[in-house]
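Position chains G and E relative to chain F; hints supplied.
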Amino acid sequence: MDKILTVCPYCGCGCGLYLHVEDDRIVGVSPCINHPVNRGSLCVKGWNCYEFVHHPDRLKFPMIRKRGTLVRATWDEALDLIARRLTEIKRLYGSDSIGLLSSAKCTNEENYLMMKFARAVVGTNNIDHCARLCHSSTVGGLAAAFGSGAMTNSINEIINARVLFVIGSNTTEQHPMIAMHMLDAVDSGATLIVADPRKTQLAEFAHIHLQHRPGSDVALLMGLMNIIVTEGLVDIDFVKRRTENFDSFLDTLRTFDPAKVEAITGVKIQLLRRVARIYAMEKRSMLFYAMGITQHITGVDNVRALANLVMLTGHIGLPMSGINPLRGQNNVQGACDMGALPNVFSGYQTVTDPRARKKFQNTWRKKLNPKPGLTLMEMMDMAYVGRLKALYVMGENPLLSDPDLGHLEKAMERIDFVVVQDIFPNETMNYADVVLPAASFAEKDGTYTNTERRVQLLQRAISPPGEAKADWEIIVDLATRMGYRMHYRGTYEIMEEIALLTPSYGGILHHRLKEGFGLQWPCPTQDHPGTPYLHRKKFAKGLGTFITVDYIPPDEPPDKEYPFLLTTGRIYFHYHTGTMCRRTVVLEREEPECFVEINPEDADSLGIKNGWPVKVTSRRGSIEVKAKLTGKIPQGTVFIPFHYAEAAVNRLTNPAVDPKAKIPEYKVCAVRIEPLYKMPVVKTPKPPEVELESLRIEE
Amino acid sequence: MKVKNREPAKQENNIYRPIKGTIERIKKQTSDVSLFTLELEEPVHYKAGQFFMVSVWGAGEVPISVTSLARKSTRIEFCIRRVGMVTGRIHQLKEGDNLWIRGPYGRAFPLELAKGRDVVIVAGGIGIAPLRPLIETFMKRKKYKVSLLYGSRSPDDIVYLDETRKWKQQGVNVVLTVDRPTDGWKGNVGLVTTLWHLAEVDFKKSVAFICGPEVMIRAAMQDLFFFGMPEERIITTLEAHMKCGVGKCGHCYAGKLYICKDGPVFSYKEIKEQSILNLGF
Amino acid sequence: MKREWILDKNHLSYWLRQLRNQMQLIAPMRDQVGDIVFKQVEHIHKIELNCPSLLPSVKEFFLPQYERLFEYSKKDDRVVDSISKTKRVIFGLRSCDVAALNTLDRFFIDEMPDPYYKSRRENSLLISIVCNNPDPTCFCIGLDTGPYLKQGFDIQLTDLGDRYFVQAESEWAISIIKNYHFLFSRPQKSDYDDQYEVLLSSKARFQKRISLQQSRQLIKSGRIKDSFWQGITSRCFECGGCVYQCPLCTCFTVVDRSYNDTVERARLWDSCLFKGFTRLAGGILPNEERIKRTKRWFFHKLIHYPDVLESFGCVGCGRCTVTCPGRIDMASVCMKLKSIALNGEEITDEG
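Protein chains in written order, with the working numbering: chain F, 1 to 699; chain G, 1 to 281; chain E, 1 to 351.
Read the hints as simulated data drawn from the structure, not as lab findings. Only a predicted model underlies this, so the values are computations on that prediction, with no experimental measurement involved. Cβ coordinates follow ideal geometry from the N, Cα and C atoms, glycine included. A portion of the hints provided could be inaccurate.
Covered stretches of chain E (chain G as the covering partner; in silico rule of three or more C-beta atoms under 8 Å from a C-beta of chain G) [stated by the list, open to error]:
no., region
1, 69-76
2, 79-90
3, 241-254
4, 273-279
5, 304-313
So that you can see chain F by itself, here it is in the shape it has in the complex:
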């Protein structure tokens, strides 16, 4: 039995674990004890991450759609067909009629190659991935303020923090190993402040829990900053030396007086004052946020407000002091870093910048398109009007993860040629013309970048099933068939090319990663030890910028017809579209069916009992789910997880997007709820009255 150290394929924590391998099969998992993130622990998904690898449903052969059905084909047939069709479409309709979706589940090397394939081979900047749906507002918001959009601190700094302010993150369920550090910090005396409309498990441990209304985050944060300013808690030195544009920001801030904020958010002034004082007066204050901040039409504004808050109090640029977006996917940080985005190359070098373009052109020996491409949602809109002719999807499942699925299905039907490359059959495959089988995390090597910017090495443990190949091998082969020769002996050579072109990854090479638990970027040179916390001494872009934001109410607030506010998210036992976890016995057994969390008082007024089926309807569609009564959710709000294809909540969600980051508003839409089951009213004859006492037999 051999044990191979690798990285967990689920969330952005990037826990280290061993895969136990016997006869080319994985027979178990154990946590890595010295790993700085998980320290000998794992969450339930980590402990069970090995199981789906050998699932019978794994895709083992390439398939081509013939007369409506997907039939087995050889790699040559499949790749030649893709090469021919893509070349054809490029010739007839132009490069920009082709869209490519990269994957936050794939390695850095694969994302880099996909980006190179899109830009150098296909010739388009239409490349995007699911970060659009989770943290695109972070990338945009923090980049504008600081020049870099990532967690500024490291996970192992949490234990020494004095104040933890967590907003819009259900950390114990979604980043369990980070929550472990947070609770340890609370044990050693840190103050925990949680802002979340739901009463999450972390909120139970919070010293202060702010239950603000969904979608009122900007108002809440502006209110806090207003108090900080009026009470004189601003770090004036920091604001003077390291930031700009404070004065114009101050004008807007003055309009958010605490009374107004209380009216918008529903949080008492008194609580606001306490939070503002605690957060501002302690120097080792860490701020954490996740989807509750980003998935709004004001996502970017929410992030900017947070950025303003840390600059105002000077809580950035030090260990245990900073702003920390918790990234969802295991490699969503990496996929963004690698430039699987329509507007940037790897390392966030913009495609419009002629110097960056020239550098890439020289290395790739190909003229590059200077026009930023389409985002994920824009690609689908173009497809809807028939202007996107081909779509290449690597390791994503937009047909479950994107909002307003009804619209998306029509869009997908109108695309001429769809390629899907994945490890399991998924909903998107119903529209695929060619399906390519990929290798899972256990069957390839490469690197993942976790949420704290730690680039870690993934090690191959077993061989892929059937004819499946690693994603990077597929892209290399396809590019070569399309007349652009790519040749790499292994993923380490791709990493070398990344290091060459990407300043923040400049010193990150596979042989260095092998020696420990990876390196945290920026790591510009080969002798650089990595950077545990960002913005030391100066911000990445020089001076930090205060950006004025204003409160905008959610796009679709509840009304008479749709009286409930629906918010969506993940649950502990499942992960995103469920392709992996729903094929894991223990995880699937725990939560086998979709549910809607509803406050018992709301349920009562609707005549709904726990476990009853209900119909949830929005302006865009309706689904049937089971009701789950819980006091964790406030009245007037309901929650549905989005993992379940059979009751896809994204049939309901609002496709309205943030105008800057194009992130859809998953967290707020209006719905109505009707019970599907009514207590049967049967005319029952009265049962005979029995006097039980009369039956009792005396001793």
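Showing chains G and E alone in chain F's frame:
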């Protein structure tokens, strides 16, 4: 204890290995319950109250209690309700298809308790299945006075309707009741626990066998105890999630007992003493 | 029959090399990041002889996390059981793990023998090492499961600096030592003294003293109310880590996997800390509240294990202390119970 023999073990009986049975007959009882008659490769010796792990390859195993008369035979019957994935697959099978079984497991009903006593049998829904061989045994032996209180969801959900008629002819005091009557139902309506007066026995001197949903079991046991029936003569059989049937997998562990190996038949006394947690007794 | 020998440390690698020619050799190996894992040995000189800390359990070699039970061939309608017969020597495990295996033997083999466990057990030789230097998380000392065993081992080594004091108990173990008699010598009086010295000093190095017996009595006395368990439970992450790491947790689930021509029936580790573990037909969850599941785990180990198998369901290895992200573990819970016992404090439902 040490493992004495360190030489490689001889091929022993594998307790998890099922034997093959062929479905001879499927008799539909209600919309979701059918009676499966199997012919096995080799004879098994089973008693009323015991259960088998029944499986379809590719779907999994489920515990099903035996519903045919105790004997050693290659013939066996199971009465199966369609509730989950595995039972759903079993219901898709046709006559001539294979079912794999292993067992019998668990304790049988303590028939000796009934010697010289009146018998009250309380059943709810599919809970009649393990009690059927019991009733037939008592009828065969002829010297017992048996009362059957049997509650179902609706008249269409009565399992073994034909048998209840037969038993009535043989002298069993059959009391049927339903929760939701349909037009034309003339029998009792309501829970079985409202019909004790129809049992027509001296509870203090009789023995009770109960099987059905958990709430019904709990209510019936408490009532009978209240009527003066000694707690060791109130017998029930419990349902639990189980994967192995032999006390290894841990799913049915309750108190310090395994429902599969120390049960599934328990007396009220045992349930109270061992505080079988899951049931909240 | 002499059962005690002295093995010069210089001879150890030769001996292990010889054993490896006949059997698969499993030993604790340190990897590039400083973790110690039990795995098949490639380079004998890389075996970690003085594990300072955090040795994983060897449970997985007897009850693997994922184990195929049967393979059913759809074409021939035949069932083949896949019982592992790999001969193994596991070197370098600790007394607590040997003690745990002895308890598991009672559970798996005495009644209704589990052929998979039994075969793995019968084909494995255990060479355990006395802990000279227990971890801060260890508390085997109060449980007679360590730091050394008086009986119940195959071969037990005590590190005497330049040599090992070797004790063998099972016949297989004795015969293996006799095969290499030229490596072993008779112990002298001074060797016995040295060995006793090591045992004594090891005992003195424990940082934790936990009395499971006290906790058991306290729970049985009924003084511990649900509010206590509620407090313990509120931080549970439901990861199952304590169960997966515990050398005495054996719960499993069974799954059928249907491939093209075959069906694989496999068992894999499961945990009573999941609500679906006791799911009944029709989706009823008898243990939906987390507190019931926490109580179930602790009660099983402290109350029911001793009742049924005559030893606690805990060997004091402290692995749950290391792995639990919520810092709920046997040691800390027993410490809390102890403080209740000492303070005579009545824990009521009001808290």
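Going down the list of hints, with the structure as the test:
By the rule of at least three residues with a Cβ nearer than 8 Å to a Cβ of chain G, the coverage given for the region 69-76 of chain E holds, with 4 such residues. With 4 residues having a beta carbon nearer than 8 Å to a beta carbon of chain G, the region 79-90 of chain E meets the requirement of three or more and the stated coverage holds. Look at the region 241-254 of chain E against chain G: 5 of its residues bring a Cβ nearer than 8 Å to a Cβ of that chain, three or more, so the hint holds. Counting residues of the region 273-279 of chain E whose CB lies closer than 8 Å to any CB of chain G gives 3, so the stated coverage by that chain holds, three being the minimum.
Under the rule that three or more residues need a Cβ within less than 8 Å of chain G, the assignment of the region 304-313 of chain E holds, with 3 such residues.
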